[in-house]
Structures are given as C-alpha cells and as structure tokens.
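Number of protein chains: 2
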Amino acid sequence: MAGTTQPSQATKDEVELRELIARWSKAVRDEDLTAIRADHDPKILMFDVPPPFLSRGIDAYMATWQTFFASSAKPVVFDFEDVEITAGDDVAFATAVGHCINIERNGEKTNLKFRLTMGFRKHDGRWRIVHEHHSLPAID
Amino acid sequence: MAGTTQPSQATKDEVELRELIARWSKAVRDEDLTAIRADHDPKILMFDVPPPFLSRGIDAYMATWQTFFASSAKPVVFDFEDVEITAGDDVAFATAVGHCINIERNGEKTNLKFRLTMGFRKHDGRWRIVHEHHSLPAID
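As they're listed, the protein sequences go chains A and B. Yeah, the first sequence ends on 140 if you go by my numbering, and it's all consecutive. Yeah, the second sequence ends on 140 if you go by my numbering, and it's all consecutive.
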C-alpha cells in the first residue's frame, strides 16, 4: 500500500531476537529441555552463575540447566527486564536483567536478580545463540 | 601482486578487535585512565565483578576502575587468554578468560580467574566497546 513503511531488516532482526529470548525463557519456566536448546549453536560457550567456570558445547550447556532446576523454586521463575538488543546483519548481542528464585540448602527461598549477556550468529537466515553469560556481582 | 590474497574485511575486523582488547588491557596494567576509556561508547553498560549490579555510562564505568585499582596488587596484573571474536560488519562480541590479583582485606593476595564478554559496535569505521560483562562463578 502506498505510504506504508516496511519494517527495516534491523527492526526485523531485533524482533526475531526478542522473540527468541522470550521462547527460551518460557522454555526454562516450562522445564522443557527440548525447547531450551532449540535455538542454540552446538558449540555454545556458557558462563553460568554457579560453577563450573565455563561450559562448552550443547551437552555441557544442558547440564547447567539440571543444576539450575535442582535448586529452583517450583513453578520456575525465570523472567527478564531491560532487554537491549544490538543487532548487525549476522552478528548480534543482547543484555538483560533476570529474576529467578533459588532454594538455599537450609530450605529458604532467595529472590535472585542476575545479569545476562547473550551472543548470536545468523546462519541460513536463522539466529542462533552461540554464547551466554549469566552472573551475580561477587559478594563484597 | 598477482596471486596475493588480501585479508578479508572479516579478518581485518577480528585483528582490529584483538588489538583493541590488547590496548585496553595494557591500559589497565599501566593504570592509564585516559587509555582505558579511549575505545568506549559514552553509553557503555558494565556488568562488573564487584557491586554495583550494573554501571551505565562512561563516568560510572570509569568509577569501576577506581574500585579495581584500590584492591589490585601492584604492578597490576590484567591478562587474557582464549580470546574469541565473533565479528559481523558493524556488530561484534568477544569472550575471554582473564587473570588479576586481588588483595583481600586481611592483606593476602588472591589470584583471580574471571570470565569476560565484550560487545562492540562500529561507527564511522571505528570499533567501540558498548558493553562489558566481567564475572566470577558464584560461591557454591
């Protein structure tokens, strides 16, 4: 239609990446292991909140979710705010602030606010997560 | 010269980003505040090892270095290994493993191994750091 502005490719990429993050975080809330890994590169490099120091490859990445679910309150809380996307043609990254609820060894529930950075690559028109970095500030 | 292969733009970008990280880490070792901030975007978003939870903008970013220098052994150790660059035309990110030496409150020196993610944007042909995420795994 004359006068209609088409969304730019940059806008489309940002929308796709926001949808990807929303799918992934919902998959975590649903404890759906197949959906959690659906948009990941086989060589993903993970820097997670708890040890190990790093996890490389999709199998090591999925093992970090077993650790997470073992100490997460149920139903799982895993929500993000302040999601910011920086997207180029085929490389992008995102930052966000996350929330989850951890069950401590003494049984107490702790609300955790954590930092998230994600790195993406587009292959054959499809964005994939190649890097995740989740962290808390160190205890002072 | 016929037959000479020119480096691709992707290779040039990776070389530029490795040089940028090397300049920045040398500036930290030299405690050169002007050089530390030379390649940063004014709106940099920093997720650092110690609190605060996040720092936004170059002034808040530079304040994190005062915190670092106050508890760093001298001369400053600030080295990286396993630097991996993922570069597109105008967006890139890098991951690495860093080393520094912290002086604890009791005066003991502790070797710290930390995770680094950096996010970059290219403006007017020049790469700038728009995001840094430094962290340790949480204490178990």
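Mixed in with the good hints there might be a few duds.
Copies of one chain are not kept apart here, so a pair can be met inside one copy or by any two copies together.
What the hints assert, rightly or not - Straight-line distance between alpha carbons at most 30 Å, and here's what the computed DSS-like set of lysine-lysine pairs gives: (1) Lys122 <-> Lys109; (2) Lys12 <-> Lys109; (3) Lys43 <-> Lys109; (4) Lys12 <-> Lys122; (5) Lys74 <-> Lys12; (6) Lys122 <-> Lys74; (7) Lys113 <-> Lys43.
Honestly, the hints are just simulated from the structure, not real lab data.
Structure-based check of all given hints:
no.	hint	verdict
1	Lys122 <-> Lys109	neither (38 Å within a copy, 43 Å between copies)
2	Lys12 <-> Lys109	neither (39 Å within a copy, 49 Å between copies)
3	Lys43 <-> Lys109	neither (33 Å within a copy, 35 Å between copies)
4	Lys12 <-> Lys122	both (13 Å within a copy, 20 Å between copies)
5	Lys74 <-> Lys12	neither (34 Å within a copy, 48 Å between copies)
6	Lys122 <-> Lys74	neither (34 Å within a copy, 43 Å between copies)
7	Lys113 <-> Lys43	both (27 Å within a copy, 22 Å between copies)
Hint compliance for this structure: hints 1, 2, 3, 5 and 6 are broken, all remaining hints hold.
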